[in-house]
Amino acid sequence: MLARTRAPDVGVYVHLPFCERICPYCDFAVEPAGRLAPELERRYLEWLEVELDLALAGPARPAAGRVLRSVYFGGGTPSLFEPASIERLLGTIRKRFAGEPEEVTLELNPGTGEIGRVPGFRAAGVTRLSVGVQSLRDETLRKLGRAHTAAEALSGLEACLRGGFESVSTDLIFGAPGQSESEFLSDLERVIRLGVPHISAYALTIEPETPFARARARGKLALPDEDTLLAAGRRLRVGLAASGFTQYEISSFARPGHASRHNQRYWLRRDVLGIGVGAASLVESSRWKNLRARSEWEARLADGRLPVAESESLTEQDARRETLFLGFRRLAGISRAAYLRRFAEAPERRFGAEIRELRELELIEDRKGRIRLTERGILFADEVFLRFVAC
Amino acid sequence: MDRIRNFAIIAHIDHGKSTLADRLLEVTGTIGTRQKVDQFLDKMDLERERGITIKAQTARMQYRARDGRDYILNLIDTPGHVDFRYEVSRSLSACEGVLLVVDAAQGVEAQTVANAELAVAAGLEVIPVLNKIDLPNSDPERVLQEIEDVVGVPADGALQVSAKTGAGIHEVLEAIVTRVPAPQGDPDARLRALVFDSWFDPYQGVAMLVRVVDGSLEGRERIRLCSSGAEYDTSLLGVLVPEVQPVDRTSAGEVAILCASIRDPRAVQIGETVTAAREPAPEPLGGFQPVQSMVWSGLYPTDPGAYESLRVAISKLQLNDSAIFAEPETSDALGFGFRCGYLGLLHMEVTQERLEREYRLDLIITAPTVVYRVKCRDGSEVSIHRPSDLPEQGEIDEIAEPVILTQIHLPPQHLGGVLALCQARRGVQRDLAVHGERRAVLRYELPLSEVVVDFYDRLKSVTRGYASMDYELLEYRPADLCRVDILLNGEAVDALSLIVHRESAHGRGLAVIRQMKKHIPRQMFDVALQASVGSRVIARVNVKALRKNVTAKCYGGDVTRKRKLLEKQKAGKKRMRKVGRVEIPQAAFLAVLSTTDGER
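As you go down the protein sequences, you meet chains A and B in turn.
Taking numbering that gives the first Met the number 0, the leading residue of the first sequence gets 0, the next gets one more, and so forth.
Taking numbering that gives the first Met the number 0, the leading residue of the second sequence gets 0, the next gets one more, and so forth.
Keep in mind the hints are simulated off the structure, nothing from the lab.
As the structure is a computational prediction, the values presented were derived from the model and not from experiment.
One or more hints might be untrue.
Unchecked claim - Pair ranges (Cβ atoms, derived):
#1 B:200 <-> A:336: 51 to 61 Å
#2 B:265 <-> A:340: 49 to 59 Å
#3 B:571 <-> A:336: 41 to 51 Å
#4 A:268 <-> B:573: 21 to 31 Å
#5 B:303 <-> A:91: 55 to 65 Å
#6 B:574 <-> A:61: 37 to 47 Å
#7 B:586 <-> A:45: 50 to 60 Å
#8 A:335 <-> B:535: 24 to 34 Å
#9 B:304 <-> A:138: 53 to 63 Å
Just so it is clear, CB atoms sit at the ideal spot from N, CA and C, and this is done for glycine as well.
Input sequences plus hints: build the corresponding full structure.
Here it is as structure tokens:
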């Protein structure tokens, strides 16, 4: 038993919030910055380093010196940063931990400016690129407020694939305004044909207080109907399976060996230290989340304090709940053995009624020592998750 | 005793009763302007929100009159709405006079008339007060004429004030001193005090507002309740100024608050006579007539586990509002709950809101129904206040329903719309009188059941808010009625049945299920909603199945955010009631209340 217990390790998430411009559906911690002034870039890096050390002296102390498994540069648009900046940051992070990260991901926009930096990012130690393609139709890209064209996306993606990375992922959006099922499927086909080994396909979500939410409230946003979305989702899954992709998470598809290590840490509740504005962390039983406004974030750091907006200490019951509602996101589901090892009891011990009901509704099933979503359960995943949150 | 004046203020809603009360408290120095929350006497949040006074509150003022002497003025606050007529007359029993407040621009409204009639019938001095004379559109001459013509009270002595600016307030105080008679009663006789209001206080137990009629009440005395003979030690004797100020003694003519560590809310009924245990009075006071519930509905906790909390909450509320009648009831669909009787529809809504707000309960309220009298073929007769109790059609000889006489005040230009509304509700016109260009008084006989469902809202809407109404029960009349059942996936939901006129069965049934459809969220399977009379389905709509419920977007490491979104979704579901497999929000049950005429 002991031999199977993992030594505690850690992943690091770095939030780089700057974008050339803000997409009308985005509600992440982002800030318009044009091409990003070198002064702003340098200053943000310095504050990140300050935060890293403050966190490791504070709530992230248990993670200091652990084996570093993955690093993820997310945004915003991390590719607006110079490769030299990424290299420096990576170096700083690695010094605080042990081992060699198995995966260093950087999110990248396929605009011409950024694509020129791809070799630099590789040299800086990035092993995986996540390319924000979203769509391969100019009209749709324009409606989504993206900075690049379809041609740029295609040539950019090719450059990334040739760049010597261990893996490349692309984001595709479905349910964009005016987007038809066939348009989405042809985008998908082209991406597969290019040989991209990892695809994140997610439905456009209208988040409150975004320009899209306001447009929808005024009746000015024509979104595809439910039938189109359902059909697109179904054909997406069939098409990707036929091309050798495995759906390993609700919106993530990968060829063998290309599943994202870092993202799976979240669903498996493995510790991740997040730095930068709006970043979220989990270290042992603590979760915390940073301030989203950069000015406040900086002011706290200047004051020698952690820029935490909210934090909570998780009880064992919280941990059980999270293990289930996060674990079901992975299509492999929850390993009964792992659950038993972690909590010294079966999931049914506390959630017997919920599990029984979901099984009767045919939303989850038992399979080889795991409980996981059924085909129908994938469509009604939120119904499954919400059985396991409190209230 | 000749320095005491007990009075109430009666008015139509919005005519400025609460503002006048505040001004009186301020001018007499009872409350400072700074400590004043707007409209001090409307204590409950609910009242502030709806802007009407629902529960009677009281306040004692000290006033040095122009004759140089000091007086105690007890203001007994009263509710204004037609549903609360019973409470008004209860409050009036503690007074010798009333201020009849009339808006100098709007003039006499239905509740002005109804309330004034109560005061006159109780033999009280009625002092007309024209309020809002500062408004540019005020028309005192016309309104004074209306007071004489429509209310039937002499208007010579009417006062003209603006409670907002404070103009004329001193004249009001002087009129109370000089025109309201001092209380009668024998201070040397044995104690008799009338309980005219009561509520449950978490610290003091039952709190009673009493009018001391004879004798005197000591702060340390042991009291006896005449009806049960139960005795208690007084724990608090005080006056309301308007907050509680303890006193050692209070005597005939006074109004006081009395607590005696009474923990059982059912121990005290309003109308009770309190006497001294040491020397009990031989005869109790008259008390009050028990009220008749005009409207009934089922009350169920959304969470079936909250039944006990609901039971306790209702019994505490009944103490404060003896007009609520409640009996346990069981519904196949909703489990354990209560069948509650109310004075009217507003009373029902207010009761529900108070239970939800003051006792933090989530409730399902079923369609209101009136009391029907059913003659069966076998000669027996039953009273039905729950549609599902209606005997099978074959067993019924005749159903009689309550008919009310409604008095509607409105500007004549809206007569067309109101007449059409009353006709659509099976009304029979009694008479119509037009007073000048501004006012018509229309009297209609209407089945009460047609009034409890959104009549008042419709009346307000066809008259752009200018109509007011009041009603009284006239008689029971036979009518061609039938029961409409509502079926969810083929199963009748007993709590949703309604009794309607046969001609409107299809329209009402369809309107109800259409309205419900708007509120029932799509589920993981189709939900069929049907309306039926007997075994015949008369209307059907479908709530199509939800085909997915998944947020494909992943929120990165922000698990807290994702969890909160899920928690919110779950909390929304928890507020719904499961009937079979179907989750139904409270609003869908209320659909039966908001049925519009458009569907008829």
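Now for the hints, and whether the structure bears them out:
{"no.": "1", "hint": "B:200 <-> A:336: 51 to 61 Å", "in the structure": "holds (58 Å)"}
{"no.": "2", "hint": "B:265 <-> A:340: 49 to 59 Å", "in the structure": "holds (57 Å)"}
{"no.": "3", "hint": "B:571 <-> A:336: 41 to 51 Å", "in the structure": "violated (35 Å)"}
{"no.": "4", "hint": "A:268 <-> B:573: 21 to 31 Å", "in the structure": "holds (26 Å)"}
{"no.": "5", "hint": "B:303 <-> A:91: 55 to 65 Å", "in the structure": "holds (58 Å)"}
{"no.": "6", "hint": "B:574 <-> A:61: 37 to 47 Å", "in the structure": "holds (40 Å)"}
{"no.": "7", "hint": "B:586 <-> A:45: 50 to 60 Å", "in the structure": "holds (54 Å)"}
{"no.": "8", "hint": "A:335 <-> B:535: 24 to 34 Å", "in the structure": "violated (54 Å)"}
{"no.": "9", "hint": "B:304 <-> A:138: 53 to 63 Å", "in the structure": "holds (54 Å)"}
Violated hints, listed in ascending order, are 3, 8; each of the other numbered hints is respected by the structure.
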